[in-house]
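**Q** Okay, here's what each chain looks like letter by letter:
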Amino acid sequence: MSNQDFTKLIEDVDKMVTAASEQFANNGKLENDSIKTLLIASLLEEEFGNGQESN
Amino acid sequence: MDKKVTKTFCFIQITRLGDLIQTCQVAKELRAQRPELRLVLVARKQFAAPLEFLLKDLFDKVYNLDFKNNVNKATELSSIDQYITSFVSDVNQEKIDVSINFSYSKSSNYLHTLLDSRYKLGPIQNDQNQTDIFDPWSTIVQANVMRGPFNPFNLVDIYKRVVGVDQLTPETFELKEKSIISIHPFASSERKSWSIKKWKEVVIKVLRANTEISINIVGAKNEAHLAKELFDDPVIKFFEDRIKNLVGKTSIEELFVYLQNSSHFLGHDSMTGHLAKLANCPTLTVSLGTVRPQETTPYGHHSYNIVPKTKCFPCFPDETCPNYKCHSDISYQATSQIVNMFINNEDINEKSLAENVNLFHLNGIEVFKSEFTSANFFNLKQVSANPSDAKSIIRLLLRIIYLYKFSEIEEDVKFPKLTQDSYSQLYASLEGVQHLYELSEFGKKYSKDVILELAKDSPSINLIKKLTAKIDEIDKLQEMVLQPFPLLTPYVEFFQVMKGNLKGNNLVELSESNYILYNDYSVLTSTLNDLLTKILSEHKINKKTLTNEAKE
Numbered sequence: 017m018s019n020q021d022f023t024k025l026i027e028d029v030d031k032m033v034t035a036a037s038e039q040f041a042n043n044g045k046l047e048n049d050s051i052k053t054l055l056i057a058s059l060l061e062e063e064f065g066n067g068q069e070s071n
Numbered sequence: 127m128d129k130k131v132t133k134t135f136c137f138i139q140i141t142r143l144g145d146l147i148q149t150c151q152v153a154k155e156l157r158a159q160r161p162e163l164r165l166v167l168v169a170r171k172q173f174a175a176p177l178e179f180l181l182k183d184l185f186d187k188v189y190n191l192d193f194k195n196n197v198n199k200a201t202e203l204s205s206i207d208q209y210i211t212s213f214v215s216d217v218n219q220e221k222i223d224v225s226i227n228f229s230y231s232k233s234s235n236y237l238h239t240l241l242d243s244r245y246k247l248g249p250i251q252n253d254q255n256q257t258d259i260f261d262p263w264s265t266i267v268q269a270n271v272m273r274g275p276f277n278p279f280n281l282v283d284i285y286k287r288v289v290g291v292d293q294l295t296p297e298t299f300e301l302k303e304k305s306i307i308s309i310h311p312f313a314s315s316e317r318k319s320w321s322i323k324k325w326k327e328v329v330i331k332v333l334r335a336n337t338e339i340s341i342n343i344v345g346a347k348n349e350a351h352l353a354k355e356l357f358d359d360p361v362i363k364f365f366e367d368r369i370k371n372l373v374g375k376t377s378i379e380e381l382f383v384y385l386q387n388s389s390h391f392l393g394h395d396s397m398t399g400h401l402a403k404l405a406n407c408p409t410l411t412v413s414l415g416t417v418r419p420q421e422t423t424p425y426g427h428h429s430y431n432i433v434p435k436t437k438c439f440p441c442f443p444d445e446t447c448p449n450y451k452c453h454s455d456i457s458y459q460a461t462s463q464i465v466n467m468f469i470n471n472e473d474i475n476e477k478s479l480a481e482n483v484n485l486f487h488l489n490g491i492e493v494f495k496s497e498f499t500s501a502n503f504f505n506l507k508q509v510s511a512n513p514s515d516a517k518s519i520i521r522l523l524l525r526i527i528y529l530y531k532f533s534e535i536e537e538d539v540k541f542p543k544l545t546q547d548s549y550s551q552l553y554a555s556l557e558g559v560q561h562l563y564e565l566s567e568f569g570k571k572y573s574k575d576v577i578l579e580l581a582k583d584s585p586s587i588n589l590i591k592k593l594t595a596k597i598d599e600i601d602k603l604q605e606m607v608l609q610p611f612p613l614l615t616p617y618v619e620f621f622q623v624m625k626g627n628l629k630g631n632n633l634v635e636l637s638e639s640n641y642i643l644y645n646d647y648s649v650l651t652s653t654l655n656d657l658l659t660k661i662l663s664e665h666k667i668n669k670k671t672l673t674n675e676a677k678e
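Chain order of the listed sequences is E and B. Take the first sequence: its letters are residues 17 to 71, numbered as in our numbering. Take the second sequence: its letters are residues 127 to 678, numbered as in our numbering.
Simulated from the structure, these hints should not be mistaken for lab results. Small disclaimer: the values here were computed from a predicted structure and weren't measured. Heads up, a few of these hints could be off.
[Stated by the list, open to error] Below, a list of computed lysine-lysine pairs in the DSS-like style, where the Cα atoms sit at most 27 Å apart:
| # | chain 1 | residue 1 | chain 2 | residue 2 |
| --- | --- | --- | --- | --- |
| 1 | B | Lys591 | E | Lys45 |
| 2 | B | Lys435 | B | Lys323 |
| 3 | E | Lys45 | B | Lys625 |
| 4 | E | Lys31 | B | Lys199 |
| 5 | B | Lys194 | E | Lys31 |
Use the sequences and the hints to build the structure in full.
**A** Structure representation (structure tokens):
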């Protein structure tokens, strides 16, 4: 995946996380689809950010 | 595997290799005690694949989460979304009875939530996007492992308690005559490992003092440049027929065989130490930076650990550290002398340390040895002479209280020796313990008042609001107690995590849970008060006896 594609992917994930937040605000609870979105966002952060550092 | 399956257990371990090996130690125990269970594992492919040689005998099925590779291959988000949907669906085909999350990360919590298991142990992310934990041993991880240096248990023991396997001491193994010493002089982060220059000194000293041994330097591909620095040294070149560079040249499976053929292992806190222990190799760890020795010393017999007495040790990954003082507090001279004793299978104790290690170098360190207690729990026993500091006493008391409260287990524990400094700190903390006790009694009272009010035919909403506001105030006051009494942090943090996980679907149920929590906390703080008072009195009696003996 090129840097450009990766940037696009991150933007798309951000949009999905925003949609999940709105869904949460409207319904008062997270649905499974939103949980899946948050799972993808956190895995991306851990695999491609610095989130994997253990103690 | 031909067996009558009764229940399916699913372990979720999506953190690193070291954590996965520690999880294998629990799986091994569960497999031995309950062979009829179907045991499946969810792990990241990049960590599970190299350990397949271990996992295949322990798990009926391993679900490899290949997220990284799928992102690299993906052209758009929908394909990643499809991959995760299909992965979760595959795992859910298992009809899981019990799933256990050992990873304690946001991603593992979300994944755990998406699994259709009947019972869930360890953290999940609830529909309010908050972390829920309902079993006490996972609460200890959340409260004391993730937040501070006070966790008193080895992670393998905590995992065992979460799963509920019988607590058995691992089989012991015969010590071998010194022959091949495997050394892994690296770790996953700079602050957890010495500079290669220091290791060079240790290697040279040990080779000179033990002419019959040879050394294997082991490590991963990304550590090869550091190994080159070591092997480029002219003095190391002088020993080239006795020292082999295996860094980046072995798979983990091959490394495991090298460790099985080694008489001893030496290194920092890393996956390799845990692998060495699985290979029945005695280990000596040099702990630095963020390492918590009680928690991660290789689980088993014949594990030694050299720990710096640096005040800020252990630190946290997000803290900046300009000079790595803990690195210089453990000298290569002391380490080499202790390594010599270790590879000669000598008993390392207060006396032998005093005889073999220069006092000046000994003053900066503590040396620990693994033991299994009367209740078969792993413990790091201090073998160096230094009396206990206040933090280690607090850790010990936490261990006594948790074991009794959650498993009704009592270990034989001797009164710890105190320094004047630790005595003063603990004595001062007694006042804080009393504050916490009083606050929990108030918490009990107000929770009870809420329950009584709710039981009335027409409860007063205003009164209930006032009472719950008072309860909130109590919780804030608990945090304020920590400012003058920081040693009590693990107790307050444990309370906070429990409070965040109160059970109940309505105000009545929540108030009842609240009352039970404050009641438990009241018992906990009064037990802590009793234990602390006894330790302080014992110290005073001993001191008086010593003074009288000196006078006579």
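**Q** Taking the hints in turn, state whether each one holds.
**A** Now for the hints, and whether the structure bears them out:
With a C-alpha separation of about 25 Å, the suggested pairing of B/Lys591 with E/Lys45 holds against the 27 Å cut-off. Distance restraint check for B/Lys435 and B/Lys323: the Cα-Cα separation of roughly 22 Å lies within the 27 Å cut-off, and the hinted pair is therefore satisfied. Proximity of E/Lys45 to B/Lys625 is assessed by CA-CA distance (about 21 Å); at most 27 Å being required, the pair is judged to hold. Annotation: proposed proximity of E/Lys31 to B/Lys199 holds, straight-line Cα distance about 21 Å (limit 27 Å).
For the given pair, B/Lys194 sits about 20 Å from E/Lys31 by alpha-carbon distance, which is consistent with the 27 Å threshold.
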